Structures are given as C-alpha cells and as structure tokens.
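Novice: Take a look at the letters that make up each chain.
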Amino acid sequence: MAEEQKVRCLNCFVRITVPPKAQKLTCPNCGVEYVMAWRGSQAKIAGPAKK
Amino acid sequence: MPLTRKIAFIDLSSGKIRKEPIPKQLRQLYLGGRGLDAYLLYNYIKPGCDPLAPENVITVSGGLLCGSVAPAAGRCHSGTKSPLTNGFGSSNMGGFFSPEMTFAGFHHLVFTGKADKPVYLWVHNGEVELRDARHLWGKDCFETQKLIREELGDEEIQVMCVGQAAENLVRFANVRTGLKNTGGRTGVGCVWGSKNLKAIAARGTMGVGNKYPQEALDYAQKWQRQVVDTKVAEALGYDGTMFIWNVTNTVGLLRYRNFIFNQLEDWENLTVEKFHEKYHAGVVGCFGCPIHCRHQWRIKEGPLAGLYGEGPEYNTQMCMGGLLGITDWESVLHGSHLVDKYGFDMAEFANIAAWAFEIYEKGIINEKDTGGLKLQWADAGHLLPQLLEMVAYRKGFGDLLAEGPLRALKRLGKPEAEYYLLHIKGLGNMISDERPTPALALGVATSSRGCDHLRSRPAIDLLHLPEKVLEEVFDGGPMDSNFTSYVGKAKEIWVMERVFSVVDSIGTCKFQTVFFSPHMPKFEEWAKMIYYITGMEFTPQELRDIGERVYTLERMFNYREAKHTRKDDYVPERYFAEPVPGGFPIVKGRRLEREKFDEMLDEYYALHGWDKEGIPTKETLEKLGLSKEPSHII
Chain A
0 MAEEQKVRCL NCFVRITVPP KAQKLTCPNC GVEYVMAWRG SQAKIAGPAK K
Chain B
0 MPLTRKIAFI DLSSGKIRKE PIPKQLRQLY LGGRGLDAYL LYNYIKPGCD PLAPENVITV
60 SGGLLCGSVA PAAGRCHSGT KSPLTNGFGS SNMGGFFSPE MTFAGFHHLV FTGKADKPVY
120 LWVHNGEVEL RDARHLWGKD CFETQKLIRE ELGDEEIQVM CVGQAAENLV RFANVRTGLK
180 NTGGRTGVGC VWGSKNLKAI AARGTMGVGN KYPQEALDYA QKWQRQVVDT KVAEALGYDG
240 TMFIWNVTNT VGLLRYRNFI FNQLEDWENL TVEKFHEKYH AGVVGCFGCP IHCRHQWRIK
300 EGPLAGLYGE GPEYNTQMCM GGLLGITDWE SVLHGSHLVD KYGFDMAEFA NIAAWAFEIY
360 EKGIINEKDT GGLKLQWADA GHLLPQLLEM VAYRKGFGDL LAEGPLRALK RLGKPEAEYY
420 LLHIKGLGNM ISDERPTPAL ALGVATSSRG CDHLRSRPAI DLLHLPEKVL EEVFDGGPMD
480 SNFTSYVGKA KEIWVMERVF SVVDSIGTCK FQTVFFSPHM PKFEEWAKMI YYITGMEFTP
540 QELRDIGERV YTLERMFNYR EAKHTRKDDY VPERYFAEPV PGGFPIVKGR RLEREKFDEM
600 LDEYYALHGW DKEGIPTKET LEKLGLSKEP SHII
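Protein sequence lines correspond, in order, to chains A and B.
Position 1, counted from 1, in the first sequence is what numbering that gives the first Met the number 0 calls 0; the numbers after and before it change by one each time, with no gaps.
Position 154, counted from 1, in the second sequence is what numbering that gives the first Met the number 0 calls 153; the numbers after and before it change by one each time, with no gaps.
Simulated from the structure, these hints should not be mistaken for lab results.
These numbers were taken from a predicted model, which means no experiment stands behind them.
Cβ coordinates follow ideal geometry from the N, Cα and C atoms, glycine included.
Wrong hints could be hidden among the right ones.
What the hints assert, rightly or not - Chain B regions said to be covered by chain A (calculated; three or more residues, Cβ under 8 Å): (1) 244-251; (2) 266-274; (3) 577-587.
Extracted from the complex, chain A is given alone in its bound form (with noise of 0.2 Å):
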C-alpha cells in the first residue's frame, strides 16, 4: 500500500494529508488552495490556485 501523502501548508504550516492523485488541495487550516503535481507517488505543491 502507497505511503500516506502529506505535504505542509506553505501559508500557515500545518501538515496537511493528500488525496490520491489529487490535483488540488485546500488547507483544512487556513483555506489556501494548491494545485499538486506528482513524481510518481509522492505529492508536491506546484503552484498557487488561481480564483
């Protein structure tokens, strides 16, 4: 089985668990939102959503 993903919230620090595959992410935390990219299983923050 895949190891959990998490990545930290890059605006309020908390760790946050990714989805599989997940293609955007928002901080349970302070709401930002993220859009991931994958290296094979393991999650990263690519970029800022946009509104």
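Starting from the known structure of chain A, arrange chain B on it as the hints suggest.
Specialist: Just chain B now, kept in the frame of chain A:
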C-alpha cells in the same frame, strides 16, 4: 597533500611568472579559495585604482580541500575589484576547473598588469606559460574552450574563459567553464577583458593525496551519506534548484516584471514538471558531488530544435523568465544558451532589462531613448535574444544596459528612473522579493559583494523549523520560526556569513551546508575533514573565527575602495514604500519596517564588532589579526 599546491603570480604586462609555495601561516588564517583571495586582493590591489586599469588584480583559486576526497570539493573562486560596485569583486563556480588546476600543481593564480595582446594561460604539471590568444579573440565561450583543447591536443583539459561580453567590457561580463559553470557576479569577466586575458587552460596528473588516507576516505563516505539522506538532496537530485521555485512562486516571494508583482502569471507554463515533460535530457554533477543537481536539456522540435545545454536553474527560470514577464520554456532556454555563449551574468542583465521595461511602461523612457525598441512586457520573449546580443556587443541601447546599474542610471540622466532600479552597492537585485522576509532582506543588504544571496542566505528560515532546531543551527537564541519576524534574524545572517566564508575557502559546495537543511555538515565536520586531508588542526570555533576574519577583510576592502558604510547596507526604497501586492495571506500587504530594519542592522554590526556605521572597530581588527593589513606575508 593540498598543502603542497602553489600560488603563481602572473604579470601580464611583462610576461614574468613567479611561483611560490603558499605560507602555512596564510593557510591558518584564511584556508584558501575565497578567504586567501580576499587577503591577496587586499594586499596586491593598488588602493583607489580604476577597476579596469592595469593596477587591478585578478585571482583564480581552488579551496583548501579542492581536488581531494571531500565531497563536492570542486568549487572555484575568482576575485577582483568590481567594475560594477568598485568594491569586493567575487564570483564562485562549480564544475571541474579548479580540481584540474590543483592536479596541475596550483591552488591560486594572481594576475597583475595588462597584456599588450590577447593571451591565455596554460597550467600543466607544475608549469605555467602565457600563450598567444589573438586567434581566440571574438570567439564565444563554447568555441574558445573547444579550440584550446584542440590546440593543446588533450580532451581532458579544463578551460575557464571569457566570451564576447568581456572583450567588449560589459561591466557584468563573467567567467565560465564547461557548458554553464559560471563565475557570475560582480563583473569579474569584464576585468579579464580589460587585461586581454581570454582564458586559462589546466591539465595535471599530480595527485593531491591525503595526510591520513583511510580516515579521509571513511569520513568522506560518512559525509556523503549524511548529505544524500536529506530530503533536500533528494529534491535537488530530481528537480535541481528549480524545486525552490514551486515554493517561492506559490507563496509569493518572487519578482515578476521587475517589481510589479510577486508571483508569475501563467506560471503553469514554466514549472519544473513542464520542463521534465519536454526538455529534460539527463543530469550531471560537479567534481566529487554525490547530489548531481544539474539538468541537461535539449529542444527537440520547432525552430530551435537541436539546441542543448546544462541547467536550467531556479535563477534561470526567473532571470530569463519571470523577472521579464516571460513564461515559456523555449524563450527561457534560448536566452540561457545565449548568456552562456556570450558570457555575462544573467541576473545582472535581467535586473537592468526589467528596469528598462518598467520605466518604458511608465513613460520615463521612450523609443528615442531605446533606439526604436518598444519595450512592452508582452513582447519580452520575442525581444530577449536581440537584447542579449545588443548587450554583449554594446550595440545601441544595449551599450547603456551593459554599464550596470550605477553608470546606466547616470548616463540615462533621468532622476525619476532611479526609484525603479533595484540594486544594492551597485549590484543588481536578484529574483527574490525579500519584503516579507527580514532575514533575507538583511542578508542581501549587507552582503560583501553587493546585493546577493550567496553571502549569507539562511534559506532554512523559510521552513518554519522549531525554534530549538534554529537555536542549534544558529548558535543559540532567541530565534523565531516565523520568517516574517525580525527576532533572531540578524544572528542568522551573521552565522551564515561565517558558514559561507568557510565553505568558499575550503572549496566545497554551499548545498552541503545548513543553507537548506539543518542536517547538513557544519563546522565540526569541516574541522575533521580538514584534519584527515591536510593534518591541520582547527577547532570548530577557530573555523568560525576564520569565517569572521574573511568577512571582515572583505568589509575593509569595501570601505577602503568604495567607502561603503551603513548608508550602503539598505535594501532599495521600494522595499519600505510598497506593500507586497499579492501572494498568500502570510506575505500579502507586508513591507519592510524601517525602524525594525535599523534595529536589525545595529544588532548585526554589534555581532561583528563593527561600529554604528558598519566599520570594524580597532579592537575587532586586533582580535582578528587584521590590524596590520596589508601585511604582505607573500
């Protein structure tokens, strides 16, 4: 052993060459590389000389551990009096040149005078000779290296050279080796051009050896493991330095279109992921490095098909991209290729070109000033190759840009343009927007080579690490995890200046320091490695003191040559006047607070033992053994 490597003094005016051992006393005080170069420049440059006069001096050096088994010990330093700032000129590059120079028997080269015709230096197994380079004058950086290898008949020769930009005295011309290793900042290449020095070729088979070979090998392996086990090494190995861009663009810590915004529009087109999809062709590393952070790229289709190179770096993404409002990879890669070919600093070019676009947009300059060029942001990608060529050959408006910030502004004669030109001490600001990050702002403001991040940047300040971790890295507290805070930031800069001074003097890579990760090697590791390789004993504190000595000597150089004092240690006015326009809530609306910045500056000077004007006190000079400089030990 590295201690057997020599120093060669080359008088370009007379052609005379003198080879000397490096006194152990100087090794103990300055190690080598940038540190010993600072000593040589302070001692050998005629005070007050014009940077482009024969009285200026050029140094080229490897660090104390250069060419040894220490990981990534292949960095090369070149110094001079800067034709941009009139202060300490200093540039640093990776690759394979300085190890080859070490294998040829030399750690330091000192050039004085001016050759009456173009020359290059050939360094090989203890011998040093000047050779005619008239046939190389006018050649670009790629061709020059190739022709010298052919002429000397050895594919293994490493060449450092300058291109057309240096020949044409572009003030931010640089020195290069390989496809993209660049001694980029402060216009060192321009001084090479002024002296008719086209290149240095090196080849050697004189092994370096170690004082304690088994211990040195074992410790090098341990160090390598320490490095490659970090997350940052993994990210660097996969994405190169572009991994940083994903973070800084997302938060809003970048300069877009000069200083108009702090995130890229259409950023999706310039991601490292897009680069991997279309242009990635491989990865390479510098001498002895376990990380391999450098991409190779190739354009496979379209009008630029077949073009290839090394990089891009995070800096390339922004200098050939975001700073000019360009967000397509092919324009960025093409621009990067041209910069590598002509041989000048892409950061300096991008800063001054972005300024020109902004003042054109604001109506401060028009087509009469630009020689007919319409500097509209939307056309920047289309104009980039033309502008790069105009700068390299000083054609038309490019002649003004080639002068660098201070002189271009003066020549333009429009005082209202000054506010928009970002520079510190005459060196252009780079790609970051430091308004929300007081530590990073203080670092670029006080850097001993003008605005630059590689003198002190504590990038780990952005990682929101626990304060306890920061206290360990920065030798005690109080520290604040929040990168927008002013608490502890002066100390971060002071500590990082010592870290970078020491690694630049032993000749290892900054990526293997606490620059990005608290788990990387520190003074303790460097002290052990120096001992196993050279037998020289230093405590970690003694290495910190060497870092302090080097930085203070550079400060003395800047005071002597350019009268730099507190007034020169500020970020541009826009950092205080304009709030950050966009980005995440943590940065949006922030600007630097002048009073708090001044308090940081006071704290920073006090840590160094400098007075309120930023001038080292008599007691500080005595404590560091600098009170009798220039001392002419060699």
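Novice: Next, verify each hint and record whether it holds.
Specialist: We went through each hint and held it up to the structure:
{"no.": "1", "hint": "244-251", "in the structure": "holds (count 6)"}
{"no.": "2", "hint": "266-274", "in the structure": "holds (count 4)"}
{"no.": "3", "hint": "577-587", "in the structure": "holds (count 4)"}
The structure meets every hint from the earlier list without exception.
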